[in-house]
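Protein chains in written order, with this note's numbering: chain A, 20 to 324; chain B, 612 to 1249.
Since the hints were derived computationally from the structure, they do not count as laboratory data.
Being a predicted model, the structure only gives us computed values, none of them experimental.
Any given hint could turn out to be false.
[Stated by the list, open to error] Covered stretches of chain B (in silico footprint by chain A; criterion: 3 or more residues with CB under 8 Å from a CB of chain A, positions within the stretch not fixed):
1. 708-717
2. 726-735
3. 1012-1022
In this text, a Cβ means the ideal position worked out from N, Cα and C, and glycines have one as well.
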Amino acid sequence: MEIDEFVDTLPTYNQKFDIVVAALGAEARATNIADKYNISGQLKVAIICKNNNILSFYDNKNFFVAKGFLTIIQADFFVALAEYARNLISETIDVALDISCMPRQLMAEIVHALSEMTEIRKLKITFCYSLACFTSPTLEIVPNEAIEPVTPSFSGWPSEQSMPTSLITGIGYEPEKAEGASEYLDPTEQWGFIPLSPILEFLTEVEKNNISLITRLTNEGRVIKYDLAEPSRTFGQLEIVISDLLRRTNPILLPFGPKIFFALCLLQSIRHPEVGVWHVTGESNEEPVDRAASGIEIGFQVTLT
Amino acid sequence: MSFSTLSYLDSYNARQLSPADVARDFVAPSQFYQLLGLNHCVLIGPRGSGKTTLLKMLQADSSRLYPSNEDGALPDAAFIGIFVPADVRWAKQLAAHVEGINCQRTKKILYELAFGTSAFLALLETIDKCVEISKNSNYDTHEKFQFMLDRQNEVTLALRLSELWSTPISIPSLSELKHKLRMRQINFPNLASKIRNGVPLHELSLYDSYLSIGWLDGIVTAIETINELIGKKDQRWALLLDELEIVPASLLQSIVSCLRSTSSQLIFKLALSPSSSSVFSSINADEPTQGNDFTILNLWYNERKDLRSFAARLLCQALKHRGVEVSMDNLPMKIGRSNIYEEDLNDENTNSAEAKLIDSSLSRDKRQTLFSELANKDESFNDFLRRSNIDLKDLDLSDRRKQGPLIRKVTPLVQFRNRAIKHWTKNKSTLRSGKIAHEPYFGYPNILDITEGNPRWILNLAELLDGERIKKSLPISAQSVQATAITAMHKRFAAMLKVYPISANRKEDISTLYSFLATLASTIRKKLYHDAFSPDPAQSFEIDAEGAREYGNFLVTAIHLGALVIMNPESPRRLLGTSNGNGLIGSRVRICYRLAPEFFLPLRSTSHTKISSAMSKTESNESTKLEESPLNKQIGLF
């Protein structure tokens, strides 16, 4: 499937979708989108995230159950999705995907599964993101365990293997994660995307915790600041950098930072299958944090045909 | 100074450079000339040690530009190099695409298929280069690259290769063949996906015989065809394979097994990390052996004279490239001489080896002051002097005196201990506080030792020295220039070790490479500064079975990055022969000198202790004898 349309938008109150998918985890903000916009769908699912049945998990679960969501594990979701696809009447489906607390790998698998549904001609996905209130990142350096494609379908596979590897990094506020990844991949050229959040404390932490990488990339003129509230513009910024790099290198996307940037990278990989979306493993070792919704939501809708 | 073209003196990684860019300013290590022979070679070196650079120097368009060797003679490679690119991205993508395929044999075939397509494309690229060289160069000087392929010959070659590689072409040209191979490369994920979804490989092979071509047969028969067509039946070709440590094990075995016998026309020049040389461990007895079938070339230095010789040449070249007026003759003067430095007699790695101090600029008076200062505050040093019959008033270094060699040997240790210790008695040890002292690392040759002869680190040092020289308007011999450069060198490396990915069970506090190395360093520091003075404290480590089992991934990654240096020169040979699955056991390693300023360690490594002992709490706990300032406050303070 190819990307046909891209607009910045959020669901309207009481909007009806065909499918609504949220993640059931430990953060209080997991229910914010479903609650605030009261969205509904023929298939409403809250996917239970592994090892997250602490903090606000049970409150979240009670909320989703009360709202009529199926609370199911990941494997069952894909069975349910396949079943839904088999019984489809229309060739178009409209999906709301709340990515606020969704693990990266799960998001990639869902996007891949939706984009590979052979039963449909047109797929609309509304990505919804509930921005968290500011919480300080853990100062302890949690080591990256491995750096690899987020899933086989988003691993990328260039047509010109002999070209050197380049790296596009989304920089998050975790201390030196991105730096470690860039050392590992040893790219010939690296670009850094820094999020400008409506909550200003995030930027201070991002810059403080990645000072050496940001200084180096700034000196090379390879830092791009993106507005978290304007996904379509960020998608365009990514497109420019990827298209340019593809002429001389084999780029890898390594999106740390807000999940919404990760979602944009997945879509870029659909657009440019030779470009992979990678992640670091070991994040599951990090202690879950109960992040509350800030009251700011960001969303965009992409149409694939 | 010219920055208009890319030079390998500006870059830390040759991967991004064209062979011609690499060749232009190339400074050849001695191993390079051995690499030019007609034998199979395995280059072993840590990251940054120049493996890619050396392999790229064997390609057609760089081998025209070889520098003369020490005798002034122009070397020549008697083969045409085919560089097959591979990096960690390629390896991880390949692994991701075959994920979910359970049949190991099918996986192996898919790996070989992907590799084979890359190798065929690399061969076609090499032919292109040779044709280009033929058009633009003098026949006599580059005879082996003469590929005057007229249109008819190209058509014939394209058709024959297309047939050999079961890759039909619609236009009989090499560029069309290249295009079709690229299409095969692009379609690899689809092929893997079909197999993952249950279509048997043998069924797909019925419709596409390319899937059953072995990569080696494909290359060898292609070379024979090319040689026949260009009228040079004995033309040798070399497959240049970089970063083999990242290649899937089954593919690597298939490559390594070629070292015994393949074709007289095809030789292999392989490169891999020292931490991964154990991949050879599962080779059967009838498979290739070092010495008989291939030669191992280590790209790290076990002898200081070799390290310093190469580091001085490359540093000199890199500084000149940056506009610093320096030559090999005046380099020691330009960067200043170290007060005290280590000199090996023969080999620092054997127990009998004795560190010898060349007393260049430390006068007898200063030496006496140094020894007296320590003797006044350290009763264990006093005991040592008494036991060894060393008279503080007569510190004669010459071999004429019985104590001369011993005084030479301990002087660097005395310098470090004197700086570190405030007071030492049997019951109480107090370290000095203050800023990290970099003086023991200043000047020639100590600053060269810090680079370990690693080209990337040498270029890094040149960049830092030059940057500080300009910023401070001081010569590179200035202590403040060198102090900042040395600090940046070890801090940058330490930062990388804190964040480099490591897959390991989190054991107590050991979660990063840095914390692993800091624990090893604290063992050395305990012996140097907290225990009674010893003329020969253990400063290196033997990898024992328990240490390898508990910290295998840390050891492998640290060696790969050059943070730990394998010391026993015979070690890689032993690694190749080992069959226990863990080739590192029995190796002796030391913390690299680049990290010496980070932990305030001398630039030496004589006796050793076991890794498992060093990592045990009792060995590494520095605070056992400290009465003031716990370790976490002390480390890095003086």
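**Item:** Hints that the structure is at odds with (numbers, increasing)
**Value:** 3
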